[in-house]
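S.K.: Listed below, chain by chain, are the residues.
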Amino acid sequence: MATAHTATHNEASHDHHDHEHHENFITKYIFSQDHKMIGKQFLITGMFWAIIGGLLSLIFRLQLGFPDMDLEWLRPILRGWITPDGRLDPEFYLALVTMHGTIMVFFVLTAGLSGTFSNFLIPLQIGARDMASGFMNMLSYWFFFLSGLIMFISLFIETGPASGGWVVYPPLSALEQAMPGSGLGMTLWLIAMTFFIASSLLGGINYITTVINLRTKGMSFSKLPLTIWAFFLTAVIGLLSFPVLFSAALLLVFDRSFGTSFYLSDIYIGGEALPNTGGSPVLYQHLFWFLGHPEVYIVLLPALGITSEVIATNSRKPIFGYKAMIISMLGITILSFVVWAHHMFVSGLNPFLGSIFMFLTLIIAIPSAVKVFNYLTTLWRGNLIFTPGMLFSIGLVSFFISGGLTGIFLGNSAIDIQLHDTYFVVAHFHLVMGSASFFGLMAGVYHWFPKMFGRMMDARLGYVHFWLTFIGVYLVFFPMHYIGIAGFPRRYYSWTGFEFSNMYTDLNMFVSVAAIITFGAQLIFLFNFFYSMYKGRVASLNPWRSNTLEWTTPLHPGHGNWPGEIPAVYRWPYDYSKPGAKDDFIPQTVPLSATPESNLPHEQELVKLEKEIIADEEAVLVADESKES
Amino acid sequence: MEEKYAYIEGAEQPIAMHPKKFALWLFIVTVVMIFASLTSAYIVRQSEGNWLEFDLPDIFWYNSAIIILSSITLHWAYMAAKKDDLSKIRLGMILTSILGVAFLIGQWYSWAALVDRDVFFVGNPAGSFLYVFTGLHGLHLVSGVIFLIIVLISSFRYQVHSKNMHTMEMCVTYWHFLGGLWLYLFMFLLLNH
Chain A
1 MATAHTATHN EASHDHHDHE HHENFITKYI FSQDHKMIGK QFLITGMFWA
51 IIGGLLSLIF RLQLGFPDMD LEWLRPILRG WITPDGRLDP EFYLALVTMH
101 GTIMVFFVLT AGLSGTFSNF LIPLQIGARD MASGFMNMLS YWFFFLSGLI
151 MFISLFIETG PASGGWVVYP PLSALEQAMP GSGLGMTLWL IAMTFFIASS
201 LLGGINYITT VINLRTKGMS FSKLPLTIWA FFLTAVIGLL SFPVLFSAAL
251 LLVFDRSFGT SFYLSDIYIG GEALPNTGGS PVLYQHLFWF LGHPEVYIVL
301 LPALGITSEV IATNSRKPIF GYKAMIISML GITILSFVVW AHHMFVSGLN
351 PFLGSIFMFL TLIIAIPSAV KVFNYLTTLW RGNLIFTPGM LFSIGLVSFF
401 ISGGLTGIFL GNSAIDIQLH DTYFVVAHFH LVMGSASFFG LMAGVYHWFP
451 KMFGRMMDAR LGYVHFWLTF IGVYLVFFPM HYIGIAGFPR RYYSWTGFEF
501 SNMYTDLNMF VSVAAIITFG AQLIFLFNFF YSMYKGRVAS LNPWRSNTLE
551 WTTPLHPGHG NWPGEIPAVY RWPYDYSKPG AKDDFIPQTV PLSATPESNL
601 PHEQELVKLE KEIIADEEAV LVADESKES
Chain B
630 MEEKYAYIEG AEQPIAMHPK KFALWLFIVT VVMIFASLTS AYIVRQSEGN
680 WLEFDLPDIF WYNSAIIILS SITLHWAYMA AKKDDLSKIR LGMILTSILG
730 VAFLIGQWYS WAALVDRDVF FVGNPAGSFL YVFTGLHGLH LVSGVIFLII
780 VLISSFRYQV HSKNMHTMEM CVTYWHFLGG LWLYLFMFLL LNH
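Protein sequence lines, in the order shown, are assigned to chains A and B.
8 is the number that my numbering gives to position 8 of the first sequence; each next residue is one higher, with no gaps.
720 is the number that my numbering gives to position 91 of the second sequence; each next residue is one higher, with no gaps.
Errors might be hidden in some of the hints.
[Unchecked claim] Below, a list of computed lysine-lysine pairs in the BS3-like style, where the Cα atoms sit at most 27 Å apart: (1) B:Lys-649 with B:Lys-712; (2) B:Lys-650 with A:Lys-223; (3) A:Lys-535 with A:Lys-28; (4) B:Lys-650 with B:Lys-711; (5) B:Lys-712 with B:Lys-650; (6) A:Lys-582 with A:Lys-608; (7) B:Lys-792 with B:Lys-712; (8) B:Lys-792 with B:Lys-717; (9) A:Lys-40 with B:Lys-649; (10) A:Lys-223 with B:Lys-717; (11) B:Lys-649 with B:Lys-717; (12) B:Lys-649 with A:Lys-28.
Calculated from the structure, these hints are not laboratory results.
Just so we're clear, the structure is a prediction, and the values are computed from it rather than from any experiment.
Here chain A stands alone, though its shape is the one from the complex (with noise of 0.2 Å):
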């Protein structure tokens, strides 16, 4: 065994000694191994992506907020889409809400989030050279960017995207009869998903592997940030859950293309039957839900450990509740994987299950409960510093809040069966885990700029951002909620046919408008994110004055993040405004020996065993020095 680990370090810092000199701009830049940079990759490949399924959103936003409007200026880009009428094609306005869901969903805040954010911060803040695989991570990244180009490219074929929403339910979805969407464009989302599928999980199994197995010395599970605890329960939720997903999609593919009646029965087209029998389509939803709900917690629970990172630094004071945080973070992801039929209330479901899963849906409210509770008791009484980062964790809270709490009217299944499908259950999720990802994301890129591009993103600007995009989220998705209990229906092309429709013209109207300037704001972003990367300030290197490791490593990590040692850890990393110490933070890497005017009595106990530590720091040193010479 000790044998076999020298011969792979060895083997290692070979590997390394080569990258450093052939280092050229593909290896570097295109297929890179280090992890900071296949996080960038995510980050930029992500941002792309958010501005393709935004443009979406805004296309279909006119068509509900201004179903009149002469669309003929669009078609040097739509084509074919406008009808010569110069209105937009229905069928391409389906395609445009499942385009803009799949893309949200899975390639912004999915990869985008977790693909960044995992990847740039797990080995940073855990003391760990890089990934526990590199070649796997540049695989995971490859991977998403296939399945991206894959998706891409079935925006511009003549069939369409994909376009039975973002769920893919079969018949819909199966039957290339049904809609010109279910024809080549389904295939390619199938296509794509199963490369996204593969690029998750091989994501995934890295992102546990590293944090359990190449932790630094001192770091225990009790002394991780919850940035890291997010990533690493995320990534255990995406293991198990992608693979189901996996399961649907291959049988869907048998349905679609073999003929196979895994979802197929009794299905009649033009007067005459299919072949089919014996299908199930709610088989297919248990399948999707099994994945789909997790999911949720996929996207929202990184945010939530950013979050939780930036409310105690720019707060100056430790996180309130930090097992709590822990543990309801394990409930959440616990329950995830009880609650899918929460999604199916009106499916046929038995009505007896439907309130088992309405049960343990209401429960999820607890562990959200604590977590909300946890960030307010963090600001209570902080030394709040409002960065832009931190203005942006607030607003997560904030939406986590109003949108937490219209899930509680949607977890039941008896208002659900007036709720289902509506405008209400579309505001409800973009503000929950929409908008609330969506800032948790933003607050993670201003507040790790610094480390990821060495300088600072302009704070001015960065309020301007926060303010519209903030404002701009509940003037878009408020009014939906009146438009919901209403009883508008969700994936609808128009409603000009109903009568009490019109009263809401003008909020749908106001709606549209919200949108599209809340979309602008998002240049001011874009702008700054690559202005500051090339002409911003040089940040100091640790601007936020801040506890983690990342910011013990110099200004531009190089391919190992640390040159020399990895630093060993000593505290957790929430010790902010400690009464009596020097300073108002002090980083993990201090030990509790070097603190004793602050160091609470139990923590003294614990400087006889950090002795030991040291002692043993002390005695790789001397090795060090003597294998130099």
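Guided by the hints, dock chain B onto chain A, whose structure is given.
M.R.: Leaving out everything else, chain B in the frame of chain A:
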């Protein structure tokens, strides 16, 4: 940026598990989830009625015996590797690979037997599920055989011995898992068909 970083890993990591082995276990978890979801789908669908009843091919019994035997020969090779007995490692690995291929051929004949019973891939989901189970498991088994052959080749290059067991151990874990997975699927089908 171009500073040279010395790669000196600290003393023992908190949990001393080889990262690649750990990653293999996580991969196994994903495969478990795929089959767990498929077998659950089978039960859910079966409970809805309109289910084709047919006898399972007897050849499944022989295949199960073959896969158990292959696990035994692989374990024998593993014990030999611990004792640095190279000729036994090679013999054991060759036997296991042959048995693995024999199992795959056997599965092919089980499909033929199903077709004889008028159970086709396209038709009642009762049959389709059976083809998906065996086919997907077969695909994983192909990857297992490739892994066996990789270890076999490295044993000819003197790279498998008591001081370099990582690849061997991973191969053994994966193969036993695939064998166990088949036994689970077979048992499941016996109880639920």
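S.K.: Take the hints in turn and mark each one as holding or not.
M.R.: Evaluated hints:
no.: 1; hint: B:Lys-649 with B:Lys-712; result: holds (23 Å)
no.: 2; hint: B:Lys-650 with A:Lys-223; result: holds (25 Å)
no.: 3; hint: A:Lys-535 with A:Lys-28; result: holds (22 Å)
no.: 4; hint: B:Lys-650 with B:Lys-711; result: holds (18 Å)
no.: 5; hint: B:Lys-712 with B:Lys-650; result: holds (21 Å)
no.: 6; hint: A:Lys-582 with A:Lys-608; result: holds (22 Å)
no.: 7; hint: B:Lys-792 with B:Lys-712; result: holds (10 Å)
no.: 8; hint: B:Lys-792 with B:Lys-717; result: holds (17 Å)
no.: 9; hint: A:Lys-40 with B:Lys-649; result: holds (25 Å)
no.: 10; hint: A:Lys-223 with B:Lys-717; result: violated (48 Å)
no.: 11; hint: B:Lys-649 with B:Lys-717; result: holds (26 Å)
no.: 12; hint: B:Lys-649 with A:Lys-28; result: holds (24 Å)
In summary, the one numbered hint that this structure violates is 10.
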